[in-house]
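Q: Here is how the chains run, residue by residue.
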Amino acid sequence: MATKYDWPAADDRSLIGKRHNRVDGPAKARGAAKYSYDRNLDGMLYAKLVTSTVPHGRIVGIDTSRAEKAPGYKGHVNILNVGDEVQWAGAEILAICADTEEHVRDAAAAVTVLYESMPHWVKDEDVEKAGEANRVKPAKDDTKGPNLEEAWKSADATVEGYYGLAVITHCCLEPHGQVVDWTGDEITVYASTQAVARIPGDLATGLSRDEKIGTVAADSVHVITPYMGGGFGSKFNIDTWGIACAKLSKMTGKPVKLMLDRDEELMVAGGRPSDFGNIKVGAKKDGTLVAYESETWSTGGIAGRGSPPVPYVYNNEERLAQKARHLNVSTNIGPARAWRAPNHPQAAVLTMCPMEDLAAKLDMNPVDFFKKNADLTARPEVYRYEIDKCAEMIGWADKWHKRGDSGSGPVKRGLGMSLHTWGGRPHDSTCEVRIQPDGGVSVNMASQDLGVGTYTTLSVVAAETLGLQIPDIKVNIGSSKLPISGASGGSTTVGGTTASTRRATVNALEELKTVVAEALETEADDLVAKDGKVFSKSDSSKSLTWQEACRKLGNRTITGQGKQPDRNGGKLNDSGVGGVQMADVSVDVETGIVSINKIAAVQDVGLVICLEQCESQVYGSLIQGVAWALYEESIYDQTTGKMLNPDMEFYKLPGAGDIGELEVHMVQNKYDDRGVIGIGEPPAISPGAAISNAVANAIGVRVPTLPLTPDKVLAALANA
Amino acid sequence: MSSKNPTDGPARGPDQEPRQGFSRRTFIEGVGIGAGAVGAIGTAQPARADTHEPVGPDPVAITLNINGKSHELKVEPRVTLIDALRNRLDLTGAKKVCDRATCGACTVMVDGDPVYSCTMLAIEAQGRRIETIEGISTEDSMHPVQAQFVEHDAQQCGFCTPGLVMAGKAIVDSNPQPTMADVESGLSGNICRCGTYVGVRKAVYDAARA
Ligand code: FES
Ligand code: FES
Chain A
1 MATKYDWPAA DDRSLIGKRH NRVDGPAKAR GAAKYSYDRN LDGMLYAKLV
51 TSTVPHGRIV GIDTSRAEKA PGYKGHVNIL NVGDEVQWAG AEILAICADT
101 EEHVRDAAAA VTVLYESMPH WVKDEDVEKA GEANRVKPAK DDTKGPNLEE
151 AWKSADATVE GYYGLAVITH CCLEPHGQVV DWTGDEITVY ASTQAVARIP
201 GDLATGLSRD EKIGTVAADS VHVITPYMGG GFGSKFNIDT WGIACAKLSK
251 MTGKPVKLML DRDEELMVAG GRPSDFGNIK VGAKKDGTLV AYESETWSTG
301 GIAGRGSPPV PYVYNNEERL AQKARHLNVS TNIGPARAWR APNHPQAAVL
351 TMCPMEDLAA KLDMNPVDFF KKNADLTARP EVYRYEIDKC AEMIGWADKW
401 HKRGDSGSGP VKRGLGMSLH TWGGRPHDST CEVRIQPDGG VSVNMASQDL
451 GVGTYTTLSV VAAETLGLQI PDIKVNIGSS KLPISGASGG STTVGGTTAS
501 TRRATVNALE ELKTVVAEAL ETEADDLVAK DGKVFSKSDS SKSLTWQEAC
551 RKLGNRTITG QGKQPDRNGG KLNDSGVGGV QMADVSVDVE TGIVSINKIA
601 AVQDVGLVIC LEQCESQVYG SLIQGVAWAL YEESIYDQTT GKMLNPDMEF
651 YKLPGAGDIG ELEVHMVQNK YDDRGVIGIG EPPAISPGAA ISNAVANAIG
701 VRVPTLPLTP DKVLAALANA
Chain B
1 MSSKNPTDGP ARGPDQEPRQ GFSRRTFIEG VGIGAGAVGA IGTAQPARAD
51 THEPVGPDPV AITLNINGKS HELKVEPRVT LIDALRNRLD LTGAKKVCDR
101 ATCGACTVMV DGDPVYSCTM LAIEAQGRRI ETIEGISTED SMHPVQAQFV
151 EHDAQQCGFC TPGLVMAGKA IVDSNPQPTM ADVESGLSGN ICRCGTYVGV
201 RKAVYDAARA
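One line per chain: the protein sequences are A and B, in this order.
Residue numbering for the first sequence follows the working numbering, starting at 1 and increasing by one per position.
Residue numbering for the second sequence follows the working numbering, starting at 1 and increasing by one per position.
Next up, chain B with everything else stripped away, as it sits in the complex (with noise of 0.2 Å):
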């Protein structure tokens, strides 16, 4: 049953980019993706893809690491990583409004990659290291990013601030002294209604800076 037929789906190993989205039958029959890959390339992964059975379409529990903490829940395999966040363990800051990878509203850190969560499956991010707008700050400090959006004014109705501030971690994360078209090209994959771009570029701008 695991994906050992390439054409069956294509195999994902350490040394690739991780795919973030999959067909409702990859999933099912075949949590195990990285199975055909691992044989290949010999490094030791858990081998859970070899054994599994198929499951759905009732809930199944899972696991998931999110911001440090591991959470048990049971949902079906159709549920998306947002409507897990938001609707099963109330972490709402990332928000779901085009619901298929367009405006980036509900944007997370899934291994330290920002991701739209409304295209991952919550059985999808189990053994991930899930990351969301209510992780980046404390009590007493916010992220550097979200204090420059606040220092910017970079938010109106603020809907669209939370994927933006996760975008705009994701660029100061991996680029340390970004140009301004580094940050616009960061930024592309979300959507602000309320036209707060100007601020928000100078924040994403100035955070990496400060």
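Only chain A is shown next, with the shape it has when bound in the complex (with noise of 0.2 Å):
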């Protein structure tokens, strides 16, 4: 049943759907936008951890006693102390502050921390010798759908292969890190978070755990954070350095900035899990898919890693024989933190790679391959629109080429394609919007922008509510201080974030127009808010400005609430998207370099609200991925236990030349019903399995596992 809450019919839309520029664009231009790695507050302190320097040992020893003793140095905290056990290279043993950043660093160097060494494993790949270091359990052994055995002997074509993707970092460009400033019974914390609303009660929970500093009050955190450099999932909590940033501020009664180094950022705050496998696909004849069987494997840290879902997508129970084993692998390297659709790139990878090489078996195009099994998945219809729609945009139906058949010349061009999945559904979101007599508008929330585009859409929506242009409306977020909405994670904040401030807004609006339609003498009902105006239907002569009609107010300032979810609130949102990308790419089977020459990419996210917004996510989205498929692998040596590349110039990363041509399209005005869904994830998850794809039909051999480095394409050709 349609409520006032619904967002508006497509032909009643001004905002809703179009390209804005990005509300916050101009700070960020022109670098005035405050990080919190940018605070510089009255007598601020540096901070620097001490990190382990083995990747498996006890501490029998912190000396502490020359760091003391060098210039400017104020204090210390430990996090481990003498007999504690560190489990990874770059674990976090203390905490120390000085009064510049060069002074901390003569602090920190200055210390000497003594370990009893114990036995590390930090390779994940290898999983027989991970086997023999004792570093491996069984984690999954699960069998789904029709009989297995039936349905290989049914299946005129299979294929076995081993696929997989290395260890990766987040690498945010801002570290993780805060300042704190501790005054009285008040902690401010400028954070670099994705959590706003969270940190408070992390942080209080962690200083209260010392009996040295007793119980603090989450409320009295406050957590600023209008704006953070990167986060992708790494970013929810408050860490061991935030807790002992608080500590030393408290110490030294002086405001306190520990941001982390970039090794540290790359070794400890960042990591997504690995995941290889033997897998094993089967089809008949005619393209259809009868069975999946997987063993796979992978290292999240000394927790090692569940199973990733697979098979992926393709993955209907009454129709398709699975069986998926899963091992963990337990290594001695920095905590997995979440990425951008957890478990989703791997299993992408697990599963479109081993599809497409059975289509090449079978010697059907991929398009076909995959659209005929579209009814193994649960959204059969937007897959084939989008299979369509993709391969239009990269020109497949002219590109493409038998597996191999890329004529003779070194340089071979391929195209590949994979599909995808998320839910994104909306977190929970408390928002106040209030009205002022002189005609301002705010949209008050302790949300966060990443830098996706949330001060965009909350304006937007307001906006649009109540008749008015971006411009009119300030959005104040990236306080704890304002009313709660949840962390930043899933793709959960913009249907969450954009429901609550519709609910708020409209209930703003009618309070208003209560107020408006005394003066006009004519009822609520009968107002209409648009194009800047407060206007009667029935009578065009009783008309106001936004301004004239907020005036009426008197000295009184409307607050409407609006919360996610509300019952009675509309339907506003959903969860559950496809998506579909296609790489075409050029190899060099000299050098064995890929080159990205265009990557397409179709998305389904229900009700789009700030389109160019969405596309940028989409964009990075892509880039990130080529970053994942052909450069990024956080390298681990077993004989020191040490990742040999935490850096920006051996941890590679892609350059402006480096990501080929783009092509997004945002499927509009077909699923806008469903509300509005999370966009975050869902297009960071196929473009490895894609361009993996497409370099195997470039090179006519599968190049097994991600980054797809030369040396890898090279090993490939030469085994072939």
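The hints are simulated quantities; they were obtained by calculation from the structure and are not laboratory data.
Please note that the accuracy of each hint is not assured.
Stated by the list, open to error - Ranges of calculated distance between the beta carbons of each label pair, as one might list FRET restraints:
(1) Gly112(B) - Lys481(A): 44 to 50 Å
(2) Gly112(B) - Gly409(A): 39 to 45 Å
(3) Ala61(B) - Ala303(A): 35 to 41 Å
(4) Asn67(B) - Lys34(A): 14 to 20 Å
(5) Asp90(B) - Asp438(A): 56 to 62 Å
(6) Lys530(A) - Asn67(B): 25 to 31 Å
(7) Glu521(A) - Arg209(B): 39 to 45 Å
(8) Pro71(A) - Asp90(B): 20 to 26 Å
(9) Ser117(A) - Gly112(B): 23 to 29 Å
(10) His401(A) - Pro176(B): 50 to 56 Å
(11) Asn175(B) - Ser595(A): 20 to 26 Å
Said to hold, decoys possible - Some chain A residues flagged as far from chain B (calculated, every beta-carbon gap over 10 Å):
(12) Gly31
(13) Glu68
(14) Gly131
(15) Ala139
(16) Gly451
All residues carry an ideal CB built from backbone N, CA and C; glycine is no exception.
Reassemble the complex: the two chains are provided individually, in unrelated frames, and hints are given to aid placement.
A: Spelled out as structure tokens, the structure:
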């Protein structure tokens, strides 16, 4: 049933779904946006971590005596103590502070930590050796669908292959960290976080564990994060360094800044689990997929890692026989953190790559093969539509050739594709919208803008609802004192925050209409807010400008409240989307270098609020995908147990010239009735599988694991 | 004490590309690195090199010319330009990300050239014209590169943006009609983790033509 909260019908939308400049764009382009790292408070001290230099060991001594005599030293707090075990190189041992950044470096370097070393293991791909090192635990063994043996018998073609992708790290450009100013009973935290509303409780709990500090109330903590420099799933918690930073602030009576160094950021503050697997898939002659069997293993650090959701997307339990076995490999590397669409990029590689290999064996065009089996997915119609659209965008019909059939020159060109899905259920959110007598409107909630466009989407929703323009709305987010809203993870923000904002704005407007109705001698129901005016539907002579209308409030400010979820609040959001991506690559078979010609992406997200920022999320996903498909890997050395590339010269990321042409199509006006669904994760899933498939199509052989570095490409060619 | 002996560190003259990084030893020993070349070429240069004393490790008074204003500060000779800008002068537009000349987030202009300010010492920047992101726009108008960044949504988290804007400005300053390939190569020293290059490339390309 329609409610007053429902999104306006397509014809009535003047802002929703259109292109808008990012509200925070000018502040960022001018370098005026203040990030946590940019906070310089009066008398502020600089802090730095001392971290473990061994991958596994027991701490037998911590000597800070030299550090305490270092120029500018102001204090230190232990995070671990003598007797504690460290499980990875880079583990946080203590935090130390001094008057300048240079002095704190000297002081940190003067700390000596002694360890009794213990055996370590950092290699996840070689599961046999990991097993010999006692690092492997079975995690899952499960069979679904029709009888597997029968299914294999019915298959006309099968392929068995080895596929995988390495551990990578988030490498947020603004490192993890914060500035803490503990004055009296007030703790102000400028945190680089994806969870403004969650940090007060997290910090208070962490501090209260320390008897010397005693109980700290969550309400004494104020988190301020108007801007943050990248998280991608890695910045939900206060972490040991945040708690240590607060303790240093209390101890010294000064504000303290502790931002991780680049090597620490790469070693301990990021990490997407690996996944490797032997996969077998089978199909009938006509391409009907009948069976999928996997033995996979992965690591996310000492805790290992659970199973990826395989088979992925193509997983109908009634028609596809499936068996999945997973092994959990424990390694002494920094612990995994959530990465855009946890487990899905891995599952896409472990499913879409063997599927394209099977299509090649069946001599089928992958577009036909993936479409033919669309009934095995949860959204056959969406995927069929998206596959056709994407194929058109990349020029599949003209450019695709049979695997390896790519001419005699050294540079081979190929196409590949992949499909993905994601939930994106909205998180809980509370919003307060204020309408001031001077006409000012503000949207207030303890949310955050990770760079995805939250300032802009909330402005658009409020402006659309009130018949105003984007600059008329002031969005206040990034403060934990505002009404509580969820953490930004799992593509839950846009659905949650736009719904609470829409409801709050509708409620506020109703109140305004009541006041204006009296002044205009009409009914509130008769009033419409549009084009900067509030006017009567029945009598066009009764009209006030927005400012005039608000002046009728006298000295009263309206506050409209809105919540997500709200059972009576209309259908504003949903979860569950599909997307398709296709890649066009060139591979130089003499050098092994892969380059991207083009990637096309088609994505469904229900109702699009801000088209341009939505597209930016997809472009960003594709670019990050090029990075982990071709370049990125956290490389560990078993002898020393250390990460060999915790820096930006050997932890490779693409530049502006490495990404080829990217084309994005957001599906609009097709699934709008579903309401808003998140966009952060879905497009981040498929790029690796699509690029790997394109490379296989180009050179005629599968390069088994990502990243597809030149050495691996050449090795695959040599083994062919 | 000046670097007369070429093995002590390469000499630099007005006809050579300025070197953007020095070993600490060269620094401490020879602020007047141009001395040898000045003699050879015979151009008029301040003769500061001939009489200088070793400096550091204690803080030294320096003057930096930033965005047309002169700033006096005391820093240890080891303090980099990025740390002087951010920690001493609260000019936090330029970011410190890799701190070793790989990401471009710290890019500023020095005498009109884009420079990684994490790899230049503050004392080395004396007497040179430093321009930061804060200096290229006014209260009411943005530099064309900045305006085009907004126009093309060339930013997400925005942490790389100031560096990319400065790199973009360097491209359009030196080439009024850059091709897309020129733009890509001019931006190749900057990394964006969120993946904004599609908008960034268009922004710089259009800014040159604006
Ligand atoms: S911080 Fe200077 S180049 Fe990265
Ligand atoms: S916009 Fe986030 S790093 Fe570039």
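Q: Each hint: holds or not?
A: Taking the hints in turn, this is what the structure says about them:
1. Between Gly112(B) and Lys481(A) the CB atoms are about 45 Å apart, so this pair conforms to the stated range of 44 to 50 Å.
2. A beta carbon spacing of about 43 Å between Gly112(B) and Gly409(A) agrees with the range 39 to 45 Å that was offered as a hint.
3. Roughly 53 Å separates the CB atoms of Ala61(B) and Ala303(A), a value that falls outside the hinted 35 to 41 Å.
4. Look at Asn67(B) against Lys34(A): about 18 Å separates their beta carbons, and that is inside 14 to 20 Å.
5. A hinted range of 56 to 62 Å is violated for the C-beta pair Asp90(B) and Asp438(A), which are about 33 Å apart.
6. Checked against the given bound of 25 to 31 Å, the beta carbons of Lys530(A) and Asn67(B), roughly 45 Å apart, lie outside it.
7. At about 56 Å, the beta-carbon gap between Glu521(A) and Arg209(B) misses the expected band of 39 to 45 Å.
8. As the Cβ distance of Pro71(A) to Asp90(B) is approximately 23 Å, the hint placing it in 20 to 26 Å holds.
9. A beta carbon spacing of about 53 Å between Ser117(A) and Gly112(B) contradicts the range 23 to 29 Å that was offered as a hint.
10. Hint check: His401(A) to Pro176(B), Cβ distance near 42 Å, so the stated range 50 to 56 Å is violated.
11. In this structure the hint that Asn175(B) and Ser595(A) lie 20 to 26 Å apart at CB holds, the actual value being about 24 Å.
12. The beta carbon of Gly31(A) is not kept farther than 10 Å from every beta carbon of chain B, the shortest such distance being approximately 2 Å.
13. Every Cβ of chain B is farther than 10 Å from the Cβ of Glu68(A); the closest lies at roughly 20 Å, confirming the non-interface assignment.
14. Every CB of chain B is more than 10 Å from the CB of Gly131(A) (nearest about 35 Å), matching its label as outside the interface.
15. Ala139(A), annotated as away from the interface, keeps every beta carbon of chain B farther than 10 Å; the closest lies near 31 Å.
16. Against chain B, the non-interface label of Gly451(A) is violated: not every CB pair exceeds 10 Å, the least being about 3 Å.
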